[in-house]
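Visitor: The lines below spell out each chain.
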Amino acid sequence: MTGADVAQPLLELTGATVRFGADAALDDVSFRMFPGEVHSLMGENGAGKSTLIKAITGALPLDAGRLVLDGREVRFARPHDAQRAGIGTVYQEIELLPNLSVAENILLGREPRSRGVVNQRLMRRRAGEILADLGLDVDPASPLGMHSVAVQQLVAIARAISTDVRVLVLDEPTSSLDLDEVAELFRIIRELRARGVAILFVSHFLDQVYEICDRVTVLRDGKLVGEYLTRELLRIDLVNKMLGREAGEFKARERTFGEDADQPVFLSARGVGAGPGIAAADLDVGEGEVVGVAGLLGSGRTSLARAITGVAGLDAGIIRIEGRPVHLDSPRKAISLGVVYSSENRRVEGILGELSVLENITLAVQAQRGFWRRMRPARQRELAQSWVEALGIRPPDLDRPAGTLSGGNQQKVLLARLLALAPRVLVLDEPTRGIDVGAKVEIQNLVGELADNGLSVVFISAELEEVLRVGDRVAILRDGRVVETLPSHDVTVDSLLALVASPDDEQEG
Amino acid sequence: MSVTTTERRPVRAESRTAALQSFLGRRAPWAPTIAAVVILLILLVGAEAFLRGDFITARNLSALLLDNAYLLVLAVGMTFVILTGGIDLSVGSVMAFTGILGAQLISSGVPVAVAVPVMLAGGAAVGLLIGVLVQYFDVQPFIASLAGLFLARGLAFVVSLSSIKVEDAGILWLQSNRIRLGDWYVTPTGIIALVVVALAAFVLHLTRFGRTVYAIGGSEQSARLMGLDVGRTKVAVYVISGFCGGLAGLMLTAYSGAGYPRNGIGTELDAIAAVVIGGTLLTGGRGYVAGSLIGVMVFGTIKTIISFMGAEQSWMQIIVGALLLLFIVVQRGIVARSEHRR
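In the order they appear, the protein sequences are chains A and B.
Quick note, the first sequence lines up with residues 215 to 723 if you use my numbering.
Quick note, the second sequence lines up with residues 1330 to 1671 if you use my numbering.
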C-alpha cells in the first residue's frame, strides 16, 4: 500500500554464496531489507538462515556476492565492523554478562571515558536513557544476572540499538519468553519500526511471524525460494514453500482416554512439590496415554517434569507407580522403575555432540547395565541401527558425530537413547523446540505411535496447539499447580489459552 | 512469573522494602567479601579476648601489613588472573627467581637502579610466556602456569644454589625504614603493597581494560562479541601477575635481607587461598581486590595467632584449609542462586 516496494532498500545482499568445503550453505541468494519494515527469514533447519544472518552480521565471510548497505558496498571482517556500520544483532543465546551491571552490558566497548577513565555515572545515565526510551524500568546499576531471561533479552536489544542502529537482527528472540514478554518485545519492535529501523525477525513461531512481520523471505536448502509480503501469503502456502512439499499432517489417533477413566493409571503424583517451581501438583498418567502439559513459562512445567522423574528431589507429596508409593530420589532410580526424562535443554543436557550417533544411543543402556556388563560392539550396533531405522534418523550414519545432525534428528537420537531403556513412562520436555516444521510433525506422530504401543507419555510444550494435538488429556499448570486436567477434545486452543493465562484468584478454597 | 513482572518494573523508592531490596540486589556481589571482613573481625576480637588484650595493638597490626606485604602483592596479581577465570601457579617460583636474581646482580656490583627493573621485567617475562601459552596456544592456565612454576624455580637454582646476602642500603631501606605515628608504623614495602592494591582497584573498576577482565570472567565468548579486546587482556593479566611476582621478589629480598632459591615454595597456593577467602570466585567474573586485601589479612592474622599461642604451624594450614572449604561452599551457594534466578 505504501511506497515500501519502490523505496530504496537499506540493505541489499545479491548473489550471496557461502561454502563449507564442497557444500554450499548459501547458494546465490539475494535478500533485501527496507527501512521501517520487519522482515522475517523462514526456512527449515539447514535452509541457510543462520548462514545468511552470519553473512549480514560479519560473522562469516561471503565466498561470492556483494552486500550493499545504504547504497555503498561493504565488507565485514568481523562482527565488530558490522556493528560499527549500524547492524545490531541479538543472538538466540543471550550473549551478555550476568556478572556485570545492566549499564555495562548495554555500553561496554563504547562506554563514556575521559582520559582512559570510565565515567560510571555518565554511563549509568546514558543506559538509563536508552532503557527509558524503550519503556523499560530497570535499574542500570543492578547486576544483569538478577533479572529474568526476558529482561536480559530486552537489555540485549537495548545494547543493539544503543548505537546508531539501522538494521537490527533478532535471531529467535522469543524462544524463551512467555506471552506477556513477547507482547512487550513486540511493542518495542513496533516502536523501532516506526523510527525507520529495518528489523530482521527470525522465529519458528508462525503466529509471531504473522503478527509482527511485513515481509518474509523463504529459503530452502541454501537457495532462495522467494520474497513475499506477509499479508499476501497464506500460512499454508508459506509452510509449503518452506518444506517444498505438503507438510505431513499429524494423524489424529484414536482417543482412547477421556471421560471414561477406567484405564489403569500407571503413574500418579499427588501434591508434588519440589523447590520454588512446583507446589502441590497432581498428575495421573494412564497406560498408553499421552498427557499434554500446558502452562506459561514459569508455571512449573519443567519443575513438574523434573519432580516426577527423580531429577529434582520432592519437598512434598507422593508418587505412586502402579499403585505402589515409590521414592524417586535420582534419575537412576526413576529409570529402573521405567520413568525416563528428556530435558528441554537438548544441547546442554542431552546430546553429546562430539560422540557418534551410536554412542549417544547406547549410552543410557550401557549405564543401566553397569560397568562390568559391557555390551558387545556388534550388539550395540544392532541396537542403534534398529532405532535409527525405527525413528527415521537422517542421515542413517551411526558413526557420525551427533552434533552435526539437524535439531530434529538430534531429538530423535535422544528419544532413541531413552526408548532403548524400554521405559514405561516417557516424560518429554519441549521435544520439538527449535526444530523445523517437518521434523516437528514426525516427532508428534512418533509420540502417538509409541502411546498406541502402550507407552505412557507426558508431553510438555509451550505451544498449546501441539499439546492439544498430541495429548489425550491436557493438564493445565498455573503458578506451580495443576489447576485442571481435561480431555483434549473438550478444549480448543482459545479456551486452553484462557485457562493457562487466567489469574489464580478464584482457585482458593 | 510474578517475579518477572516485579523485576521488569522495579517498584520506586516509595516502598521502603523494595528500596532495600534494590539496594541489596545492587550490592549482592559484595556479600562474600563482607563475609571475609566479618571473619577477620571475629578472628581479631576472638584473639584479643583469648590473649587478654595483648593482641589488638598498634605494633601487632602494623606488623601484620609488614609481614604480609609480599603476599598481598602476589594476591593482587592473582586476583586479575582469577577474575578472568584463569589461575597462575608460577608466582611463588617467580618470586624466588627474581629475588635470587636481584641478590646475585647486586652482590656482583650491578647498581640497584638496574637490578630492580631487571627483577620486575624478569617476573613480567615469565607471565608473558604463560599468557601467550594460554591465549595463543590454547593451553589450560593450570598447565601453562605449572610450566612457568618449574621454569622459574629451575632458573632460580641456575642463578644460585644457596642464599645470597643483600647488603645494599637502598634495598634494606624498603624494609627497615619505619614511618611512625605513635605506636603505629608503616614501612616502604607496606606502602608499596597498599599502592598496588589501590592501583589495581582503580584499573579494575574504572578502565576498559579492567571491565574487560570482568567481562572475560563472565563469558569470554560474550566479551568477544561485544567487541572487547579479549586476547590482549588475557595475556596482560598474566603479565601483571608475573610483574607482581617480581615485585614480591624484591619485597621479600628486602624483608629477609637475602635472596634464596627455595623461597616461596607453595606461596602461590597461599595467594590463591587469600584471593578465594577474600570473596573472588574461582570461576571468574566476580570478586574485588579489596577482598584480596582482606583475605591476606585473614591469612596473616591466623598465622600471628598461631605463633602467639605457640601452637604447631600445621594448625595454620588446617585452619586455612577449613576456611577455604567454607568459602568454596559459600561461593557454590552464590553461583547456584544466581543460576536459579535465571
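It should be emphasised that the hints constitute simulated quantities derived from the structure, not laboratory data.
Check each hint, because a few of them may be wrong.
Said to hold, decoys possible - Partial list, computed: chain B residues near chain A (C-beta under 7 Å):
#1 L1510
#2 Y1543
#3 S1548
Stated by the list, open to error - One side only, chain B facing chain A, incomplete, derived with CB under 10 Å:
#4 L1535
#5 G1539
#6 R1540
#7 T1541
#8 A1544
#9 G1546
#10 R1553
#11 M1555
#12 G1556
#13 R1561
#14 S1585
What the hints assert, rightly or not - Have a look at the derived ranges for each label pair, beta carbon to beta carbon:
#15 A:E596 to B:Y1465: 52 to 58 Å
#16 A:A494 to B:L1655: 48 to 54 Å
#17 B:L1655 to A:D284: 56 to 62 Å
#18 B:G1556 to A:E287: 50 to 56 Å
#19 B:I1594 to A:L569: 38 to 44 Å
#20 B:A1360 to A:R292: 34 to 40 Å
#21 B:L1611 to A:D613: 35 to 41 Å
#22 B:G1560 to A:E596: 27 to 33 Å
We put the beta carbon where it would ideally sit given N, CA and C, even for glycine.
Visitor: Indicate, hint by hint, whether the structure satisfies it.
Guide: Hints and how they fare:
1. Violation of the interface hint for L1510 of chain B is found here, the shortest Cβ-Cβ separation to chain A being roughly 31 Å, above the 7 Å cut-off.
2. Look at Y1543 of chain B: its Cβ gets to within about 6 Å of chain A, closer than 7 Å, so that hint holds up.
3. For S1548 of chain B, the interface hint holds, since its Cβ comes within 7 Å of a Cβ in chain A; the closest pair sits about 6 Å apart.
4. Interface restraint check: L1535 of chain B against chain A, minimum CB-CB distance 5 Å, threshold 10 Å, status holds.
5. A least Cβ separation of about 8 Å between G1539 of chain B and chain A falls short of the 10 Å threshold, and the interface hint therefore holds.
6. Nearest Cβ of chain A to the Cβ of R1540 of chain B: about 6 Å, under the 10 Å cut. The hint holds.
7. Annotation: interface hint on T1541 of chain B holds; nearest CB of chain A at approximately 8 Å, less than 10 Å.
8. Evaluation of the A1544 of chain B hint against chain A yields a held restraint, the C-beta minimum of about 5 Å falling below 10 Å.
9. This hint holds: G1546 of chain B has a C-beta 7 Å from the nearest C-beta of chain A, less than the 10 Å allowed.
10. Evaluation of the R1553 of chain B hint against chain A yields a held restraint, the C-beta minimum of about 8 Å falling below 10 Å.
11. Annotation: M1555 of chain B was flagged as interfacial toward chain A, and the flag holds, the nearest CB pair being 5 Å apart, inside 10 Å.
12. Look at G1556 of chain B: its Cβ gets to within about 4 Å of chain A, closer than 10 Å, so that hint holds up.
13. The beta carbon of R1561 of chain B is not positioned within 10 Å of any beta carbon in chain A (closest approach about 14 Å), and the interface hint is therefore violated.
14. For S1585 of chain B, the interface hint is violated, the least distance from its beta-carbon to any beta-carbon of chain A being 38 Å, above 10 Å.
15. As the Cβ distance of E596 of chain A to Y1465 of chain B is approximately 46 Å, the hint placing it in 52 to 58 Å is violated.
16. For A494 of chain A and L1655 of chain B, the Cβ-Cβ distance of about 36 Å falls outside the hinted range of 48 to 54 Å, so the restraint is violated.
17. Checked against the hint of 56 to 62 Å, the C-beta distance between L1655 of chain B and D284 of chain A comes to roughly 59 Å, which is consistent with it.
18. Here the CB-CB span from G1556 of chain B to E287 of chain A is close to 23 Å, at odds with the stated 50 to 56 Å.
19. Judged by the Cβ atoms, the range 38 to 44 Å given for I1594 of chain B and L569 of chain A holds: they are separated by roughly 42 Å.
20. The beta-carbon spacing between A1360 of chain B and R292 of chain A, approximately 38 Å, falls within the hinted interval of 34 to 40 Å.
21. Range check, L1611 of chain B to D613 of chain A: about 38 Å between beta-carbon atoms, so the 35 to 41 Å window is met.
22. Taking the beta carbon of each, G1560 of chain B and E596 of chain A are about 49 Å apart, not inside 27 to 33 Å as hinted.
When held up to the earlier numbered hints, the structure conflicts with 1, 13, 14, 15, 16, 18, 22 and fits the remainder.
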